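A.B. asks: Chains as they are written, first to last, in our numbering: chain R, 6 to 319; chain H, -10 to 196; chain G, 120 to 605.
Calculated directly from the structure, the hints in this document are not laboratory data.
Because the structure is a prediction, the values reported are computed rather than measured.
Glycine residues also receive a C-beta, built at the ideal position from the N, C-alpha and C atoms.
A portion of the hints provided could be inaccurate.
Claimed, not checked - In silico DMTMM-like links for lysine to aspartate or glutamate, alpha-carbon gap of 25 Å or less:
hint : chain 1 : residue 1 : chain 2 : residue 2
1    : R       : K173      : H       : E(-9)
2    : G       : K269      : H       : D138
3    : R       : K274      : R       : E211
Unchecked claim - To list a few chain H residues with every Cβ distance to chain G over 10 Å, as calculated:
hint : residue
4    : R16
5    : W61
6    : L83
7    : V139
Claimed, not checked - Partial pick of chain R residues on the chain H-facing surface, computed with a CB cut under 8 Å:
hint : residue
8    : G80
9    : G131
10   : E299
11   : A302
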Amino acid sequence: MMRDALVIGVQTVLLIVIAPAIVGYVRLMKARLQGRRGAAVVQPYRELRKTFRKGMVIADSASWIFHLAPFVIVGATVAAASLAPVISAAQPADLLGDLFVLAALLMLGTFFLALGGLDPGTAFGGMGSSREMTVAALTEPTIAIAVLTLALTTGSTSLGAIAGTVLKTPAYAIGPGHALAFAAFLIALIAETGRLPVDNPSTHLELTMIHEAMILEYSGPYLALIEWAAAVRLTLLLTLAANLFLPWGMATSLAPVALVAALLAIVVKLAILGLLLALLETRVAKLRLFRVPELLALSFTLALLAAASSFFTK
Amino acid sequence: MEAAFSRITMTAASAMLLLSLVVLWRRHAGAYITAFRTQSITLAVTGAIVAFYGTAPELFFVSFMILVVKGWIVPSVLSAMDAKRRSGRELHPLLNTETSLLVCGALAVAAYEISRPLAEVMNLATRGGLPIALALVFVSLFIVVSRRDVIAQIVGFLMLENGIALLALLGAYGVPLIVELGVFLDVLLGVLVMQAVVYQIHDTSAD
Amino acid sequence: MDLILVLALLMPPLAAGVLALVLRRVPRRVAWLNVLTIPISLVAAGAIAVRLATGGASIVVGQLWRIDALSGLLAVLIASVAALAVALGPGTDREHHWRDADVRTFRIYVNLFAFTMLVAVSTVNLGLMWVAIEATTVTSALLIPLQRTKASVEASWKYLLIGSVGIALAFTGTVVAYVDFATTGVDINVALDFTAMREAATAFHPQVARLAFVFLLVGFGTKAGLAPTHTWLPEAHSEAPSPLSAMMSGVLLAVALYAVMRWKTIIDLAVGSAFSDSLLLIVGTATLAVGSLSLLSQTHFKRLLAFSSIEHMGLACLGLALGPLGTFAALLHLTGHALVKSATFLLSGRVLHRFGSGTISATRGLLATAPHTAVLFAAGIFALGGLPPFSLFVSEILIVKAGWAAGHPLLTTAVLILLLIAFGSLLVQLHRMLFGEAPSGITQGERATGAVLLLSVPVVVVAWLGVSIPAPLQMLLSNAVLVVRP
Chain R
6 MMRDALVIGV QTVLLIVIAP AIVGYVRLMK ARLQGRRGAA VVQPYRELRK TFRKGMVIAD
66 SASWIFHLAP FVIVGATVAA ASLAPVISAA QPADLLGDLF VLAALLMLGT FFLALGGLDP
126 GTAFGGMGSS REMTVAALTE PTIAIAVLTL ALTTGSTSLG AIAGTVLKTP AYAIGPGHAL
186 AFAAFLIALI AETGRLPVDN PSTHLELTMI HEAMILEYSG PYLALIEWAA AVRLTLLLTL
246 AANLFLPWGM ATSLAPVALV AALLAIVVKL AILGLLLALL ETRVAKLRLF RVPELLALSF
306 TLALLAAASS FFTK
Chain H
-10 MEAAFSRITM TAASAMLLLS LVVLWRRHAG AYITAFRTQS ITLAVTGAIV AFYGTAPELF
50 FVSFMILVVK GWIVPSVLSA MDAKRRSGRE LHPLLNTETS LLVCGALAVA AYEISRPLAE
110 VMNLATRGGL PIALALVFVS LFIVVSRRDV IAQIVGFLML ENGIALLALL GAYGVPLIVE
170 LGVFLDVLLG VLVMQAVVYQ IHDTSAD
Chain G
120 MDLILVLALL MPPLAAGVLA LVLRRVPRRV AWLNVLTIPI SLVAAGAIAV RLATGGASIV
180 VGQLWRIDAL SGLLAVLIAS VAALAVALGP GTDREHHWRD ADVRTFRIYV NLFAFTMLVA
240 VSTVNLGLMW VAIEATTVTS ALLIPLQRTK ASVEASWKYL LIGSVGIALA FTGTVVAYVD
300 FATTGVDINV ALDFTAMREA ATAFHPQVAR LAFVFLLVGF GTKAGLAPTH TWLPEAHSEA
360 PSPLSAMMSG VLLAVALYAV MRWKTIIDLA VGSAFSDSLL LIVGTATLAV GSLSLLSQTH
420 FKRLLAFSSI EHMGLACLGL ALGPLGTFAA LLHLTGHALV KSATFLLSGR VLHRFGSGTI
480 SATRGLLATA PHTAVLFAAG IFALGGLPPF SLFVSEILIV KAGWAAGHPL LTTAVLILLL
540 IAFGSLLVQL HRMLFGEAPS GITQGERATG AVLLLSVPVV VVAWLGVSIP APLQMLLSNA
600 VLVVRP
């Protein structure tokens, strides 16, 4: 019991701590691919430290929601992070929650982010919030169904159990259902975390923003919290993609050797996924906004096909 | 061995289904023709795999015919038709992309349900891919019904034929050779006649 | 002897088509030659029919060809209608001037069209039957836009696409049935052979058989003009040149229904007739409703005839669902419809040519302008409306009777009402066309040309059938019913 709690705690802290590094790594890879030198991997930490120290300027029209939102976002994201199987597949995840709780927590974060964007009553904030909700309405079901596909074959919605079952019986991983669900999950990941081709995270043109527009009014520690939560969300989703669909390397016991090996494995997997993400961002242009629902409908259909094939061919 | 055979055919069938989704997703006629060509090549490869594992040597000939007729001749005819048209404009279907894709998801689920009695009576190793073949048939039907552009309609019809060929391949390792030859002839003649009629459409509506 | 009969049936149209293809410089002579070749098929079909009517065994040649009573009946209809169309089409038609290239195109494809239809009904291999029916779509689609108008080209495209998709669905049904057949462990090499399938039918799995029949009905029903996939029919049949419309409306629809009948026999042996009967009942009634109700609002007389075809096909489909009596009535109905619809379409071609327009409001005063054509046309419309003494009246009464006997009183009443609506609509439009003031600039008067004499034959035959059906035909029909419902 104590050991399980310790493992869960370590996993959560790990995710939270390395999140900005992941974001920095992706930026570095992107820069290198574009022929620039790029900032160091630890640059986001420096930015966060700087932003934490700055003073806040808050609009007069902001209400208590504006103040509450960053904390809810961080809380929801950290809670979601505690559910993810990062190193160990042998956790008693039923204690805390399963796939549906995870999806709900992510949605809670998105919801409050959108509220925070709407609250000050600025035009850009409202625009960003409405766009974000459109995207979220299509990505949340996709993520849920994609992971549900895996849950159907394993017979349990507990994330650790899912990862563990695919480890035990690799035959599940070959076959259209698994591949389709993975593809759908990746597309939904790109949309959820606001990366190209759905949303450009480094844009300064307000009319093209989705995620950035919502946090235009935030400054100082609030902004730092929200940025950190966004980094944690990216790392969390990448970890899920890596460990649910390709769980090899995860520890199935609590032996220290296994845990260290699992740590290395997850770092390697995150590095590969991050590189792929950077490659994709360098290659594609941002989609026009009315094309985004088409992409998301495609990913939803793929997830639906994956679930159908898993459900009917057992 | 049999499990691998089953899985490979299922994956190939899924690839064919995904290629048909391309027609709903892209808006350019060249993309449709490429999707059809790739789908036909995948079908030919599937045929060869079934011929090998299922010990049905005449299927090698059938796969070769599929490659030649549907993988080469028909796409060339379609490309010629497309080149003759004046456009490069985007093609607007009757139903928008998001709804079309969602309808296809629903059709795939329906296909799984409908083909359940069929999959139950079959005792061949390829029965897992049967619902996917039926889903391809339904999705192709939907493409024909919901597209306004002529090339998209023809590609939808040809994908329907591919789906039925896949159904026959996975369901009974192909139909008798004489019927297979008749089908090829019909498809080829059908496409040529379609080409002739489409050219006449252009001639009479050229103003 | 069997071989000679089959060759005499199938070869003439094929030979005529090839001849038209090869001899490009003399299309008019080819056309007249054509008029001489098709009657050979007609005689062969007649001989086969007589033999089958008097209780002779089915004509069997090799593994692919088998002509039983049902096939024989349809072969006679196809050959008769083809003979009419060929005799009165481009090249032999003195009154209407066609370009040489169009004459050649017509002669090639109309013969191939007749050939494919004859193959479809003479073969015992259901796969080959499917191939032949698909080939009918291909050969007829090129003829619809013979006059290169925008409307006819679009009609041809719609026909080609919807027809091909329908046929593909029918093939899906064929494949599903084939898969089921393959699981019964019978020799694959005779698979899709009608007699072999009939024997193995009791071993089919019920769910799969039902699934196959649904696909087959939708698929072949598209070609037969059954609702809801009938949308190609009004344009295709009205925009096509009249001889082609005659063949398409008269016999192509019947051949598609023939395919449904063949499969119905097999599926009924597998799951009992209740399933297919209920499906045919629903589809038939829906088609009848669409046809009858659409007749109310038609403004073009060829479209009027096309919707009338839909109505009659719906009725025949309904008849098939109502037991042996209904099947007999349906087959009699198909016979009468084939003859009278083809004649009426060819007559409408003459009207179109005389008045230069296809709209009813522009073709007034027909009786005064072209009396012989008018009288025959009126007779044709009376027949299609179900008036006595024509045989369609008899078959309609028989279907209603079968409906009562099978225990569908509400349905039968609805059918009667729809038939009355159709009858009324047709008569109203006919009245508008026959009487009134003819538009200026139309040549008046008409001689009893060979064409008119020829066209009076089917009308008279159908009238005669309505009064009394000769014994051989009755035997043929009864034997055909036994084929469909053993």
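A.B. asks: None of the hints should be skipped; say for each whether it holds.
C.D. replies: Consistency of the hints with the structure:
Taking the CA atoms of K173 of chain R and E(-9) of chain H, the gap is about 21 Å. The hint holds against a cut of 25 Å. For the hint linking K269 of chain G to D138 of chain H, the alpha-carbon distance of about 17 Å falls within 25 Å, and the restraint holds. Only pairs whose Cα atoms come within 25 Å are accepted, and K274 of chain R paired with E211 of chain R is rejected, the gap being roughly 34 Å. Taking the minimum C-beta to C-beta distance to chain G, about 20 Å, the non-interface status of R16 of chain H holds against the 10 Å cut.
For W61 of chain H, the shortest C-beta to C-beta distance to chain G comes to about 21 Å, beyond the 10 Å cut-off, and the non-interface label holds. At roughly 14 Å, the least C-beta separation between L83 of chain H and chain G is larger than 10 Å, which holds for a residue marked as non-interface. A Cβ of chain G approaches the Cβ of V139 of chain H within 10 Å, the least distance being about 8 Å, so the stated non-interface status is violated. Because the closest C-beta pair between G80 of chain R and chain H is about 33 Å apart, greater than 8 Å, the hint is violated.
The criterion of a C-beta within 8 Å of any C-beta in chain H is not met by G131 of chain R, whose closest approach is roughly 23 Å, and the hint is violated. Interface restraint check: E299 of chain R against chain H, minimum CB-CB distance 4 Å, threshold 8 Å, status holds. Evaluation of the A302 of chain R hint against chain H yields a held restraint, the C-beta minimum of about 4 Å falling below 8 Å.
Checked against the numbered hints above, the structure breaks hints 3, 7, 8, 9 and satisfies the rest.
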